[in-house]
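J.: Construct the complete structure from the given sequences, taking the supplied hints into account.
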Amino acid sequence: MAEPVLSIRDLSVEIPTRHGIVKPVDGVSYDIRAGEILGVVGESGAGKSMAGNAVIGLLSPPAHIASGEIWLNGKRIDQLRGEAMRRLRGKEIGMVFQDPLTSLNPLLRIGDQLVETMRTHLKISEKEAEKRAVAALEEVGIPGAASRVNSYPHEFSGGMRQRVVIALALCAEPSLVIADEPTTALDVSVQAQIIALLKRLCRERGTAVMLITHDMGVIAEATDRVAVMYAGRLAELGAVEQVLTRPQHPYTHGLMASTPLASEGKARLHQIPGAMPRLDAVPDGCAFNPRCPRATEVCRTPPPPRVKDGMAACWHPLVEDVEEKVS
Amino acid sequence: MALVKVDNLSRVFDVSKPWLNRVLERREKEYLTAVSEVSFDVAERSTYALVGESGSGKSTIGKMLVGLLSPSDGHVEIEGIDLANEPDAAKVDAVRADIQMIFQDPYASLNPRWRVKDIIVEPVASRGGKTEGMAEKLLEQVGLSVKDAGKFPHEFSGGQRQRICIARALASEPRLIVCDEPTSALDVSVQAQVLNLMSDLKENFGLTYVFISHDLTVVRHMADVIGVLYLGRLVEEAVPGRLFDDPKHPYTQMLLEAAPKMDAFGREIQPPEGEIPDPINPPPGCAFHPRCPLAQDICKRDRPRLRQIGGTRVACHFAE
Numbered sequence: 005m006a007e008p009v010l011s012i013r014d015l016s017v018e019i020p021t022r023h024g025i026v027k028p029v030d031g032v033s034y035d036i037r038a039g040e041i042l043g044v045v046g047e048s049g050a051g052k053s054m055a056g057n058a059v060i061g062l063l064s065p066p067a068h069i070a071s072g073e074i075w076l077n078g079k080r081i082d083q084l085r086g087e088a089m090r091r092l093r094g095k096e097i098g099m100v101f102q103d104p105l106t107s108l109n110p111l112l113r114i115g116d117q118l119v120e121t122m123r124t125h126l127k128i129s130e131k132e133a134e135k136r137a138v139a140a141l142e143e144v145g146i147p148g149a150a151s152r153v154n155s156y157p158h159e160f161s162g163g164m165r166q167r168v169v170i171a172l173a174l175c176a177e178p179s180l181v182i183a184d185e186p187t188t189a190l191d192v193s194v195q196a197q198i199i200a201l202l203k204r205l206c207r208e209r210g211t212a213v214m215l216i217t218h219d220m221g222v223i224a225e226a227t228d229r230v231a232v233m234y235a236g237r238l239a240e241l242g243a244v245e246q247v248l249t250r251p252q253h254p255y256t257h258g259l260m261a262s263t264p265l266a267s268e269g270k271a272r273l274h275q276i277p278g279a280m281p282r283l284d285a286v287p288d289g290c291a292f293n294p295r296c297p298r299a300t301e302v303c304r305t306p307p308p309p310r311v312k313d314g315m316a317a318c319w320h321p322l323v324e325d326v327e328e329k330v331s
Numbered sequence: 372m373a374l375v376k377v378d379n380l381s382r383v384f385d386v387s388k389p390w391l392n393r394v395l396e397r398r399e400k401e402y403l404t405a406v407s408e409v410s411f412d413v414a415e416r417s418t419y420a421l422v423g424e425s426g427s428g429k430s431t432i433g434k435m436l437v438g439l440l441s442p443s444d445g446h447v448e449i450e451g452i453d454l455a456n457e458p459d460a461a462k463v464d465a466v467r468a469d470i471q472m473i474f475q476d477p478y479a480s481l482n483p484r485w486r487v488k489d490i491i492v493e494p495v496a497s498r499g500g501k502t503e504g505m506a507e508k509l510l511e512q513v514g515l516s517v518k519d520a521g522k523f524p525h526e527f528s529g530g531q532r533q534r535i536c537i538a539r540a541l542a543s544e545p546r547l548i549v550c551d552e553p554t555s556a557l558d559v560s561v562q563a564q565v566l567n568l569m570s571d572l573k574e575n576f577g578l579t580y581v582f583i584s585h586d587l588t589v590v591r592h593m594a595d596v597i598g599v600l601y602l603g604r605l606v607e608e609a610v611p612g613r614l615f616d617d618p619k620h621p622y623t624q625m626l627l628e629a630a631p632k633m634d635a636f637g638r639e640i641q642p643p644e645g646e647i648p649d650p651i652n653p654p655p656g657c658a659f660h661p662r663c664p665l666a667q668d669i670c671k672r673d674r675p676r677l678r679q680i681g682g683t684r685v686a687c688h689f690a691e
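Chains W and B, in that order, give the protein sequences. Going by my numbering, the residue at position 127 of the first sequence is 131; the numbering climbs one at a time, nothing skipped. Going by my numbering, the residue at position 79 of the second sequence is 450; the numbering climbs one at a time, nothing skipped.
Bear in mind the hints are in silico, worked out from the structure with no lab data behind them. The structure presented is a predicted model; accordingly, all values stated were derived computationally and were not measured. Check before you lean on any hint, since a few could be wrong.
Heads up, simulated DMTMM-like pairs for lysine to aspartate or glutamate below, C-alpha to C-alpha not over 20 Å straight-line [as the list claims (entries may be wrong)]:
| id | chain 1 | residue 1 | chain 2 | residue 2 |
| --- | --- | --- | --- | --- |
| 1 | B | LYS632 | W | GLU185 |
| 2 | B | LYS632 | B | ASP649 |
| 3 | B | LYS632 | W | GLU245 |
| 4 | B | LYS573 | B | GLU552 |
| 5 | B | LYS501 | B | GLU544 |
| 6 | W | LYS131 | W | GLU143 |
| 7 | B | LYS573 | B | ASP444 |
| 8 | B | LYS388 | W | GLU159 |
| 9 | B | LYS462 | B | ASP476 |
| 10 | B | LYS632 | W | ASP219 |
| 11 | B | LYS400 | B | ASP444 |
| 12 | B | LYS518 | B | GLU552 |
| 13 | W | LYS131 | W | GLU142 |
| 14 | B | LYS632 | W | ASP228 |
| 15 | W | LYS127 | W | ASP116 |
T.: In C-alpha cells:
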C-alpha cells in the first residue's frame, strides 16, 4: 500500500484554562492517502476543525499540540514553527475555509492573489504565473477567466468566490487540501457544483483531501472514508458506506437516525437524549456513556475505548448484535 | 378552512443609490423584486413549508405574513382579516395576538439582559395579561426545567435557546406561528429534538405553522404542503410525497437532484449550471429559463401562470 500523504498519530490538543486543562482534540489518529477524500464529521465542539488547524499549524494560542505526531509525506511537521511552517502552508497543504469572502483579500484583484501565492511557493516568472492564474481559474469553471482575473472578490457571487478560493488552494499544487466546511455557506445547487469540482480536481491531481463538515449528506456524496468525532475523540473511522449504513458506534447510529433524511415519513425523528458534554466536563471512560443506551460499567471507567482497525471506539459496538443474530 | 390566504403578494424594495449619486452618475432608480405575485392558502392545523435558495424571497414572505413588512401589492388575509388594510384597529389587534414568529438565530432573538421568565411572558405582559406561573409552565412544556426561569440567555446552549424562543411564541396562545429557519443554526441531533418538540406542540395546541427553510430534508419531514420558491416566485406547490416522487417544475427537479443523498456513495452527478439571477434585473418571462433544460422561445417571453396538474400546482409552460 502506498505511503499515506498525511498521517496523524495519537494527536492531542490542549488549552490551559483557569479551571484546568481542556482537550478539544484527544488521542486522534488517522491517515489520508493520495487521491483520497477523508470526511471528518461531528457536531459543533467535537474538535473537527481544531484537528484540521493543528495539521496546518493554525492553532491560536494558548491552544497547542500536547502530544502525538503529524507526518506529511514522510516528514514530521507537528514541531515546525514560524518560517518552516509558513513555507509548508500553501505549498504542501492548501486550505479552503467556510466563508470565501473572508479568505480573499478584498483589496487585491484575484489574479494578483493567485500570482502572489504561486510566486511565493514556485520558482516561476511573473508572466508564467499570470498564465497559470488564468488556467487555474478556467479549471475551476469560472467563465471568461481571461478577463475575470482582473476582478475583485466583491464582484463574484458566493459560489464563484469559493471556486476562486479552491483555485488558490490548489495553485501551488499541494499534496494535501484541508477543506473546512467549504459548502456550508452555499445554496444546495451551488454546493453540488463545488463538491463535484473538489472531487474532480483531487482525482485528477491525486491530491489528498480532509473534508471537514457537519453535513452527513455531503459526507455520503463526496468522501471515500469518514472519521466521526465526538467530544474531541474519534468515535468511528472507516469506509464511508460502512460507517453510514452499518454504523458500529451508538453515537454514529443515533446521529444517522436523527437526520430527517433517514426518517422516511416517520412522524417523529430519532432523538439522542441530552447534549454533547462541555469540554471541561467530559465524563470518565467513554465520553458518550451518559447518553448511550448500551452503556455499562466498563463504559464509565477509564480508560476510554479507542478506534482500532475498522472497529468503532466502543466497548459494545452495534456489530455484535448482528453476529449474534446470525450465529 | 384556510387560516391564511395569500393573494397575489408582491414586495419590491427600493435599492437605488442616494439622489445626488443618481444625478451625478446618471443612474436610474433601481428596484429589487423580492416577492412577485405569490398566492397560496394555509389550512388551519397544517404545516405549510416555503422552501427555496437564498434570495428566493421566503423570509420576505414570512415577514409580510406577521406584519413586519407591508406588501407592495396583493393581500395577506389571516382569519379573514387583511392586516395591512383593515380599518378597524380592534380587529387587527385581535388577529395580531394569534400570530407569533420563531427566528433562525436563537443568539440574536433573545434579549441578553432579560431573565428567561421575563422574555417568555413578554407577549402577554405587553398586552397587560396575567403572567403568574406562566413562564414555569411553558418551560416545562418545551422540555426545560422550572429552575431555568431565573437564568439569563447566555447560560443556555443553542438548542435550549431555541426552546426558549418556542416557549415565548406559545405564551400568547397563538393559532399561527411563522418559523423562519428555526433549526438551521442547530446541530443535527439538536435539530431532531427541536423538530420533534415542534411536532408535539402542534398536536397539543392545534397550531398552524408556516415553516420557512432551505433544507429539503427538514421540509419533507415537517410539511403537509410544500411551496417551492425561485427568485420570489412560487414555481411549484404540492404535498411532500408528490413533490419528492414526481416533481413537475424543472427547478424543483434540479434542486432535488442536487441535494446530497445519504445512499449516494460516490455518486457522480452533473451539477446544475449557473446560479440564481440578479433580482434587480430578473430575466424576462420565466425566471428560470436561463438555467432550464426545457426552455423554448415562449419561456423567454411569457411568464408562466400556476397551473393545476393532478394534485400539483406548477408554473411552467412545459410541465405535464
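J.: None of the hints should be skipped; say for each whether it holds.
T.: Against the structure, the hints:
no. : hint                  : verdict
1   : B:LYS632 <-> W:GLU185 : holds (17 Å)
2   : B:LYS632 <-> B:ASP649 : violated (29 Å)
3   : B:LYS632 <-> W:GLU245 : holds (12 Å)
4   : B:LYS573 <-> B:GLU552 : holds (17 Å)
5   : B:LYS501 <-> B:GLU544 : holds (13 Å)
6   : W:LYS131 <-> W:GLU143 : holds (19 Å)
7   : B:LYS573 <-> B:ASP444 : violated (31 Å)
8   : B:LYS388 <-> W:GLU159 : holds (18 Å)
9   : B:LYS462 <-> B:ASP476 : violated (31 Å)
10  : B:LYS632 <-> W:ASP219 : holds (11 Å)
11  : B:LYS400 <-> B:ASP444 : holds (19 Å)
12  : B:LYS518 <-> B:GLU552 : violated (28 Å)
13  : W:LYS131 <-> W:GLU142 : holds (17 Å)
14  : B:LYS632 <-> W:ASP228 : holds (15 Å)
15  : W:LYS127 <-> W:ASP116 : holds (16 Å)
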